[in-house]
Amino acid sequence: MVIPTLIATILTQSADDRPRIRETLDNGVKILAEKNPQVNGFAFAIFCSDLSMPATPETHGQRHLVEHLVAKGHDGLLDRKLEIEGASLTATTTYDGTLFVIRGPRGKEGLGITALMSLIKPLSVKPEAIAIETAIIAQEAAVRPEWAKVFDSGWQGVFAQAGLDTFGNLNVMSETSSSQIELAHRLMFDPQALSIVAYGELEPSVMISMVKSSLEGLEKFAKLASPRPVARYVGETHSRGEGDCRLSVVPGFGRSTTTATIAVAQFLANQGQSTQVVFPFSTWPTAVGIWSSESGGLDYIDKIEPDTIKRNIPSIKASGAAWANGLTADPSQWASNQAILLSQDPTMTFEMIKFQVAALTEQQIMEAFESFQTGKCIQVEGR
Amino acid sequence: MITAIASVILATHQSVPRVIERPETGSGEVILQAFVKAPDLTLKEEPAWMILGQSLLEGTEDFTKSELLEYGGQSGYPPRVQTSADFIVIEVRQPAEAADMAAHLLMSLLTNPSLRDEGVLAAQQRVIYGRQSHWDRALDPRNLDLKSVSVGMVRHVWQRMFRPENTIIVASGEFTGGRMANQVAAWSRDWPQFRVRPEGPKLQAQLMASNFSGVSSFELRGDPLTPATPFSGARVLATIALGGGKDCTMWRVLRDQHAMAYSLEGIFWPTSKGWVPRFIMLRTPGNNDLELMSQMKSLMLADIETWDEITLKRAVAVAQASLVGDFAFNPFWLSSAGPMDNSMADRAAWQGFLAITGSDSVSLQNWAESLKNVSLETLQAQAKILLTEADSIYVKG
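Quick mapping for you: the protein sequence lines, in order, are chains A and B. This note's numbering numbers the first residue of the first sequence as 1 and each following residue consecutively. This note's numbering numbers the first residue of the second sequence as 1 and each following residue consecutively.
The reader is advised that the hints may include incorrect statements.
A few chain B residues that don't get close to chain A, going by computed Cβ distances all over 10 Å [stated by the list, open to error]:
(1) LEU43
(2) ALA96
(3) GLN125
(4) TRP191
(5) LEU203
(6) ALA209
(7) ARG283
(8) ILE310
(9) SER336
(10) SER343
Under the rule of at most 25 Å between Cα atoms (straight-line distance), these lysine to any residue pairs were calculated in the SDA-like manner [to be verified]:
(11) A:LYS108 / B:SER343
(12) B:LYS65 / A:MET366
(13) B:LYS396 / A:HIS74
(14) B:LYS313 / A:GLN192
(15) A:LYS81 / A:GLN273
(16) B:LYS396 / A:LYS35
(17) A:LYS81 / B:ASN373
(18) B:LYS313 / A:THR90
(19) B:LYS65 / B:GLN125
(20) A:LYS72 / B:THR284
(21) B:LYS396 / A:VAL143
(22) A:LYS35 / B:GLY26
(23) B:LYS273 / B:GLU389
(24) B:LYS372 / A:ARG106
(25) B:LYS65 / A:LYS35
(26) B:LYS65 / A:PRO306
(27) A:LYS108 / B:ASP308
(28) A:LYS35 / B:VAL324
(29) A:LYS35 / B:GLN125
(30) A:LYS310 / B:GLU58
(31) A:LYS108 / B:ILE310
(32) A:LYS220 / A:ARG22
(33) B:LYS273 / B:ARG221
(34) A:LYS72 / B:MET208
(35) A:LYS220 / A:GLN192
(36) B:LYS396 / B:ARG221
(37) B:LYS65 / A:GLN192
(38) B:LYS44 / B:MET208
(39) A:LYS81 / B:LEU299
(40) B:LYS396 / A:ARG240
Everything labelled a hint here was simulated from the structure, so no lab data went into it. Treat the numbers as computed from the prediction; the structure is a model and nothing was measured. Cβ coordinates follow ideal geometry from the N, Cα and C atoms, glycine included.
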């Protein structure tokens, strides 16, 4: 009798002391908490996968609108409550879902969790609030970077019906009613679509219990869709922005092909002028883009000799290493990227990617280079 | 050193830049940052300075462009050059065991850049046609004649400004005290010294009337401040209460109440004279933009009257989280590359930046702590002065 009790006690203690705990609740919520004493304070992330509310032309933009409205908090004072304690909240709509990140100092973890959980509570908004937020989003459209607009065009070319952009349709937003927003919020925050990450100077077991006690009662509501298929559609693309873009279709984060393509893209972009690499962080089929602000600004890629690439393999690996380091450069990035991994492929780790970069072979690098050549890549020409 | 430059060398003597060492055991790497200031550039030199910054990574007499990337990338972070209107920051990172290589790379970039025609011309093309976001355009609204800059003028500004007395090097990371200073001293022996006069009128570039981008920028710009400036604490908190974070005046009033803009922020913009408080709002151009510019100021001024102890408490918390913690909307910039973060590199850059402004005796921690002493009345009074005396800058989109 004594021994089993002792074992149980030891097991309980060792479970409590684990620096990294991952759990999935019965309703589908995925939680990961990781202790890192090197981090100053904490970063919490909640990712709402769009599998519970895939965009359609009729709802295109509602996710973006909900992101704006929910980030204000139910009483409009969420930012004040956080900032008065030195914490902050950011919100982003991505191709795969919606991401909220709260960063804060040590000792304010309770505030952070409460704020995070408040996002999940049913949302109620007045039409005036929707109107004013749509007007703000119209201004957001004006300052949207050209590379994002051009990449969107390519993305739609690659994924066709599953390739609606992250920004949304302003007409849809302006015609969205309060009840549609409330429904969209409920779908977005369906427990099956949620992944939550707590990272930093914290006790993982305490974080897990706090999240569990808040979310255990959340009921499933949505029917989840499947991740987007690869639809390598090399057809006409209609650019909505300035500059050219070349997209290489890749199987997703965590695969060596993807890692090689990103490393090569960084290197190729450095050889051109006013270029940028675009990679939507996803383990699902995705694309790596190189954008140039100039029309014809990527033609140089076709003129690069394979021998040049071979000679520069160390530089390409160095570019890849810089990118891989950037994924975890600060706690907010760690938590947000980890929340996407947790949602899509919980077995994947950042360390695996760093090893992949170091182990890239010449063949993988050459294939990645070829994938950006005319005839192999998706090309979007500037307007 | 290339012949064209060698021919105008008038004297070579040993001279060493100031080196600030910040050993941090356990970091596993060494970061070297050189701050080079150029406080009195002429109208002709200003655009050349921007091109010089881009030209440095084209290679040195010791390292080719790809070698810079390859050696520099051993830590996963290739060398970086960030060019501001009146100072340049060069950063080199290496694993701790390659600390001497870090010093060699940095000193080569500083004292021995190639500045060959093809490299400078390529850099010039990048600066002229380079990708610029709407925010980038708002941050540097100067009307610079970049196309007329000659390669000779780029070399000229390098000769005139890249001098030990204009340079401060901050070394941080895993090394024993004195090591990096010795390395810098050793590599400085061959630093060529030129006696070069300013070229062109002592005027500053005018601002653009239009940036032709489809997005107008509206800005209220205050005077530079450092920790040594009277009421600096209150001015810092006033800037944050007005434009820092998401519960600031700009966000609550201009954005959420009036839907005037999506992109708007108050920041501390780094110059060699100190931080300049800048309140910037971007929006689509309209017929009543000048009216909006004045409305922006009056709405912000009116909001100051509504401030209470919560406003003050939030401003202090945001300032402290930005200076010694980690805040998503950090308003403090240490270079043109973006706001500071809580990394070892930026803690070092803080000291380097304050050193070029001549006020590096103040520690980050002490300054953050001193902000708690500001009263609500002082905060409101300084905020009103800041806005009332601010320059209004409008660039049509």
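Consistency of the hints with the structure:
Once the 10 Å rule is applied to beta carbons, LEU43 of chain B is consistent with being away from chain A; the minimum gap is 26 Å. With a least CB separation of 16 Å from chain A, ALA96 of chain B remains clear of the 10 Å interface cut-off, as annotated. Look at GLN125 of chain B: its CB is around 6 Å from the nearest CB on chain A, not clear of 10 Å, so calling it non-interface is violated. Every C-beta of chain A lies more than 10 Å from that of TRP191 of chain B, the closest at about 28 Å, which supports listing it as non-interface.
The beta carbon of LEU203 of chain B sits about 29 Å from the closest Cβ of chain A, which is more than 10 Å, so the claim that it is off the interface holds. The Cβ of ALA209 of chain B lies farther than 10 Å from every Cβ of chain A, with a closest approach of about 19 Å, so its non-interface assignment holds. With a closest Cβ-Cβ approach of about 5 Å to chain A, ARG283 of chain B is found to fall inside the 10 Å limit, against its non-interface label. The beta carbon of ILE310 of chain B is not kept farther than 10 Å from every beta carbon of chain A, the shortest such distance being approximately 7 Å.
Listed as a non-interface residue, SER336 of chain B keeps its Cβ farther than 10 Å from every Cβ of chain A; the least gap is roughly 16 Å. With 10 Å as the threshold on Cβ separation, the claim that SER343 of chain B sits away from chain A is violated: the shortest Cβ distance comes to roughly 8 Å. Annotation: proposed proximity of LYS108 of chain A to SER343 of chain B holds, straight-line Cα distance about 21 Å (limit 25 Å). Under the criterion of a C-alpha separation no larger than 25 Å, the hint pairing LYS65 of chain B with MET366 of chain A is consistent with the structure, at around 22 Å.
Pair hint LYS396 of chain B plus HIS74 of chain A does not hold up; C-alpha atoms about 37 Å apart against a cutoff of 25 Å. Between LYS313 of chain B and GLN192 of chain A the alpha-carbon distance is near 39 Å, which puts this suggested pair outside the 25 Å criterion. Simply put, LYS81 of chain A and GLN273 of chain A have alpha-carbon atoms about 44 Å apart, too far for the 25 Å limit, and the pair is violated. Between LYS396 of chain B and LYS35 of chain A, the direct Cα distance comes to roughly 49 Å. Violation of the 25 Å bound is thereby established for this hinted pair.
Note on LYS81 of chain A and ASN373 of chain B: the hinted pairing holds, with a Cα-Cα distance of about 22 Å set against a maximum of 25 Å. In summary, the hint linking LYS313 of chain B to THR90 of chain A is supported, as the alpha carbons are separated by about 21 Å, within the 25 Å threshold. A threshold of 25 Å between alpha carbons decides the hint, and for LYS65 of chain B with GLN125 of chain B the separation of about 17 Å falls inside it, so the pair holds. For the suggested pair LYS72 of chain A and THR284 of chain B, the alpha carbons sit about 24 Å apart, so the restraint of at most 25 Å is met.
Of the pairs offered as hints, the one joining LYS396 of chain B and VAL143 of chain A holds, with about 14 Å between alpha carbons and a cut-off of 25 Å not exceeded. In summary, the hint linking LYS35 of chain A to GLY26 of chain B is supported, as the alpha carbons are separated by about 19 Å, within the 25 Å threshold. For the hint pairing LYS273 of chain B with GLU389 of chain B, the CA-to-CA distance comes to about 18 Å; that is within 25 Å, so the pair holds. Between the alpha carbons of LYS372 of chain B and ARG106 of chain A the distance comes to roughly 19 Å, so the proposed pair stays at or under 25 Å and holds.
At most 25 Å may separate the alpha-carbon atoms for a hinted pair to count; LYS65 of chain B and LYS35 of chain A exceed this at roughly 40 Å. As the CA atoms of LYS65 of chain B and PRO306 of chain A are separated by approximately 19 Å, the hinted pair is consistent with the 25 Å bound. For a cut-off of 25 Å, the pair hint linking LYS108 of chain A to ASP308 of chain B stands: about 23 Å separates their Cα positions. Under the criterion of a C-alpha separation no larger than 25 Å, the hint pairing LYS35 of chain A with VAL324 of chain B is consistent with the structure, at around 20 Å.
Distance check on the hinted pair: LYS35 of chain A and GLN125 of chain B sit about 47 Å apart at the alpha-carbon level, beyond 25 Å; violated. Distance check on the hinted pair: LYS310 of chain A and GLU58 of chain B sit about 21 Å apart at the alpha-carbon level, within 25 Å; holds. Restraint check: the Cα-Cα separation between LYS108 of chain A and ILE310 of chain B comes to about 18 Å, which is no more than 25 Å; the hinted pair holds. Under the criterion of a C-alpha separation no larger than 25 Å, the hint pairing LYS220 of chain A with ARG22 of chain A is consistent with the structure, at around 20 Å.
Of the pairs offered as hints, the one joining LYS273 of chain B and ARG221 of chain B holds, with about 14 Å between alpha carbons and a cut-off of 25 Å not exceeded. Note on LYS72 of chain A and MET208 of chain B: the hinted pairing is violated, with a Cα-Cα distance of about 36 Å set against a maximum of 25 Å. With a C-alpha separation of about 7 Å, the suggested pair LYS220 of chain A and GLN192 of chain A falls inside the 25 Å cut-off, and the hint holds. Between LYS396 of chain B and ARG221 of chain B, the direct Cα distance comes to roughly 17 Å. Compliance with the 25 Å bound is thereby established for this hinted pair.
Distance hint between LYS65 of chain B and GLN192 of chain A is unfulfilled; the C-alpha atoms sit about 50 Å from each other, more than 25 Å. At most 25 Å may separate the alpha-carbon atoms for a hinted pair to count; LYS44 of chain B and MET208 of chain B meet this at roughly 16 Å. Distance check on the hinted pair: LYS81 of chain A and LEU299 of chain B sit about 23 Å apart at the alpha-carbon level, within 25 Å; holds. At most 25 Å may separate the alpha-carbon atoms for a hinted pair to count; LYS396 of chain B and ARG240 of chain A meet this at roughly 22 Å.
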